[in-house]
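Colleague: Start from the sequences and build out the full structure, keeping to the hints where you can.
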Amino acid sequence: MKPDHDTIKQIPLFSELSTEELRKFTQISQLKKFSKKEIIFSEGNPYLGFYILLKGAVRIFKLTPDGKDITLQIVEPFNLVAEIPLFDGKTYDSSCEAIEDSILLFIPREKFLQLFVKNPKISLKILQGFAKRLKELTQQIEKLTSKDVPQRLATYLVEEYEKQCQSRGGNELTLNISRSMLASYLGTVIETLSRALRKLQDDGLIEVKGKKIVILNFEKLKNLAQSR
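In terms of the numbering used here, the sequence shown opens at residue 2 and continues consecutively.
Everything labelled a hint here was simulated from the structure, so no lab data went into it.
Note that this is a predicted model, so its numbers are computed, not measured.
All C-beta atoms in this analysis are idealised placements derived from N, C-alpha and C, irrespective of residue type, glycine included.
Be careful, since some hints might not be right.
To be verified - DEER-style ranges, computed between Cβ atoms:
#1 Thr-193 - Leu-64: 16 to 24 Å
#2 Ser-195 - Leu-116: 20 to 28 Å
#3 Phe-88 - Glu-192: 16 to 24 Å
#4 Phe-117 - Ile-191: 15 to 23 Å
#5 Gln-227 - Gly-171: 18 to 26 Å
Modeller: So this is what it looks like as structure tokens:
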């Protein structure tokens, strides 16, 4: 299914393109729908192109040699997916799964590169996307290696609070992923995650209401997240 002009225009990567440039990207791209838990691409498969998430949420993950599933990133709308292998064009370096019903814009590698070399605006934004992704991976590695599980959980909750609550007000956020997936993202197991949630609740920082988390003391939660 081909995207329309308005769909392409609202994507930050393409927001500064002319009408003619937008038309060209509309011609080469394709809208794809994925159901919850559907695999979008798998690590090691031939690299065909990259995606931009338009609706829903997906996770980037890797499998360890012993079969352990490690979540590297939870991707939200209008972010790039699988852009890192764009230039070597060999294989996908990780796997991607829809964690809710999602719509993604697929852009084939070869056709994109033909337009890429002619458009410095796109070139710059792709490089900015690379820098953002590298920063996120570096931060994720730092969290997993230098912080204990309650600190990692506090960091995640602070980030979610800033995304969900600061603009609309209130102190209640929603866990948009399952606890098992959150445990994977935090580099732990669900039992340890449950203990960390109880600890933060016992310490008066949060209140757990199923998939809802009420932030009772944001400053203390933030201090815990930033502690070494």
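Colleague: Let me make sure I understand: some of the numbered hints might not hold for this structure. Which ones are they, in numerical order?
Modeller: 2, 3 and 4
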